[in-house]
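Colleague: Sequence:
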Amino acid sequence: MADDHRRGLPFFRRLSYSVGHFLNDLCASMWFTYLLVYYHSVLGFQNVYAGLLLLTGQIADGICTPLIGYESDRTPGCGNYGKRKTWHLVGTVSVLISFLFIFSPCLGCDSFTPQWADMTYFIPFIVIFQAGLCEHAKVELTAYRYAFTVIANITVYAVAWLLFHFQGQEEDPSISDSLGSFDIPVFRNLALIVLGIGAVFSLLFHLGTKERGRGQEVAESEAGEHQPLLPRPQAPPTALLQWKHWLKEPAFYQVAVLYMSTRLIVNMSQTYISMYLTNSLMLPKNFIATIPLVMYLSGFTSSLAMKPFSKLIGRSMTYFLGLLLIMAFSYWVLLDPTMGERVYGAAVLLGAGSATILVMSLAMTADLIGEQTQSAAFVYGAMSFTDKVANGLGVMAIQLLHPCHTQVCCPACKWYYHLVMVIVTGGTAVVAAFSLCTILIWPIRIRRYLPYPAGHMTAEEQGTDGQVDQGVVN
79 MADDHRRGLP FFRRLSYSVG HFLNDLCASM WFTYLLVYYH SVLGFQNVYA
129 GLLLLTGQIA DGICTPLIGY ESDRTPGCGN YGKRKTWHLV GTVSVLISFL
179 FIFSPCLGCD SFTPQWADMT YFIPFIVIFQ AGLCEHAKVE LTAYRYAFTV
229 IANITVYAVA WLLFHFQGQE EDPSISDSLG SFDIPVFRNL ALIVLGIGAV
279 FSLLFHLGTK ERGRGQEVAE SEAGEHQPLL PRPQAPPTAL LQWKHWLKEP
329 AFYQVAVLYM STRLIVNMSQ TYISMYLTNS LMLPKNFIAT IPLVMYLSGF
379 TSSLAMKPFS KLIGRSMTYF LGLLLIMAFS YWVLLDPTMG ERVYGAAVLL
429 GAGSATILVM SLAMTADLIG EQTQSAAFVY GAMSFTDKVA NGLGVMAIQL
479 LHPCHTQVCC PACKWYYHLV MVIVTGGTAV VAAFSLCTIL IWPIRIRRYL
529 PYPAGHMTAE EQGTDGQVDQ GVVN
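In the numbering used here, the protein residues as written are 79 to 552.
What the hints contain is simulated information worked out from the structure, not anything from laboratory work. All residues carry an ideal CB built from backbone N, CA and C; glycine is no exception. Each hint should be verified, as a subset may be incorrect.
[To be verified] If you anchor each label on the Cβ, the simulated ranges turn out as follows: (1) Leu413 - Leu325: 36 to 46 Å; (2) Trp194 - Asn267: 46 to 56 Å; (3) Arg266 - Trp520: 49 to 59 Å; (4) Gly392 - Cys488: 43 to 53 Å; (5) Ser189 - Leu402: 41 to 51 Å; (6) Pro386 - Leu185: 51 to 61 Å; (7) Phe244 - Lys389: 40 to 50 Å; (8) Gly258 - Thr198: 29 to 39 Å.
Please work from the sequences and hints to get the whole structure.
Modeller: Below is the structure:
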């Protein structure tokens with residue numbers, strides 16, 4: 079019904095409805111790819127402080143997502159503007175006023191300012207920014223969103239490459255091919271361009287989108303970024319599960335481990351690829367724009383082949399093919415420590431593998447939920463919180479184990495980031511493979527609460543006290 083309604087909308091209305099998440103996609107791409115390298119290699123933060131800032135953002139994101147989701151459901155919005163658009167506007171303003179400060183030097187600080195004070199300065203802006211992203215995530219978009227996500231990532235990396243390419247080395251001989259404090263204007267300008275483009279598309283969203291009634295809104299508002307590119311199979315009606323019943327389902331933990339492992343591979347490889355390129359391979363700094371771009375284009379291309387592959391060999395085996403690509407990348411990095419420009423080939427493997435396992439893990443999560451859409455928010459929220467905290471803690475652990483404690487990067491950096499790329503891809507892929515094996519042995523399905531029509535489960539079959547209220551298991 080919702081799809082039919084969208085197909086009947088004018089093109090401009092569909093376009094404006096689809097770009098509401100564009101600012102979020104632009105900023106998220108820059109956050110994961112450049113935050114660590116900016117604070118560590120450009121501003122000269124110690125490893126622990128740079129890691130703490132990223133961990134703060136991940137924890138803030140994990141906490142804000144369910145809280146803001148709850149508040150946006152219960153609050154009526156601002157007048158006749160609509161509650162979803164109201165929360166989207168709040169998120170847009172939060173991102174616009176905070177993101178530039180994250181990628182700009184501390185105001186009022188100098189070389190004598192302690193780094194812990196610098197770090198404290200950035201924390202409020204990071205929390206506000208992450209809260210803004212959470213509010214954006216609550217606004218639901220159409221199937222066109224994936225196309226604009228691709229465009230957003232390509233835009234960030236293309237603009238970054240242009241800024242590095244046209245950096246005036248002739249005018250300022252101190253500028254080199256290595257990252258340093260002279261690159262502060264590049265990242266500041268990149269943040270400004272990202273905010274400018276995102277603000278225009280957010281304005282287009284608010285001018286061209288009319289919020290619909292509550293019934294239609296709920297029908298379209300479940301999946302968000304978790305909407306799979308592959309359709310979920312239809313399942314028979316089941317007893318309606320509350321959030322607490324998911325905690326008793328083994329399949330919930332199977333999928334949670336798989337999803338967390340997938341996100342660790344995707345996000346941490348994106349976070350550390352810049353450090354690996356500049357410190358281990360000693361490549362020019364423009365590679366931190368071109369290699370992520372190649373990864374994303376490779377991932378987008380592979381996503382086009384996922385549907386036929388999934389139909390042919392199944393989702394689990396398609397996920398396994400993605401893991402093989404990730405492991406091939408890991409072995410290539412391990413065996414070729416001086417690969418140089420051959421990293422373009424490795425980036426193709428990493429990008430294709432990351433996109434494959436991410437889409438398949440989202441599809442498996444949708445399979446787990448099936449018709450239990452009334453508690454889908456809890457399932458997605460629990461897995462999202464787990465992956466965000468795990469990513470933050472993983473980065474913090476890597477930063478704490480860093481061998482260079484007194485300077486930005488010492489000679490040990492070269493082997494350290496080389497080892498990090500091997501472990502965060504190949505090592506985590508092994509964990510994901512074990513989780514996938516459990517799914518192959520015990521397929522994803524609700525076991526404790528069998529698939530009976532709502533309201534038709536006996537006390538023994540429910541495994542509970544036998545109380546059923548309008549088809550909801552208590």
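Colleague: A separate judgement is required for each hint: does it hold in the structure or not?
Modeller: For each hint, the structure was consulted:
Between Leu413 and Leu325, the C-beta spacing of about 43 Å keeps the proposed range 36 to 46 Å intact. Range check, Trp194 to Asn267: Cβ separation about 28 Å, and the 46 to 56 Å hint is violated. Between Arg266 and Trp520 the C-beta distance comes to about 51 Å, which sits within the given range of 49 to 59 Å. With their beta carbons about 48 Å apart, Gly392 and Cys488 fall inside the hinted range of 43 to 53 Å.
At roughly 49 Å, the beta carbons of Ser189 and Leu402 sit within the given window of 41 to 51 Å. A beta carbon spacing of about 53 Å between Pro386 and Leu185 agrees with the range 51 to 61 Å that was offered as a hint. For the pair Phe244 and Lys389, the supplied restraint of 40 to 50 Å holds, since their beta-carbon distance comes to about 46 Å. Between Gly258 and Thr198 the CB atoms are about 24 Å apart, so this pair departs from the stated range of 29 to 39 Å.
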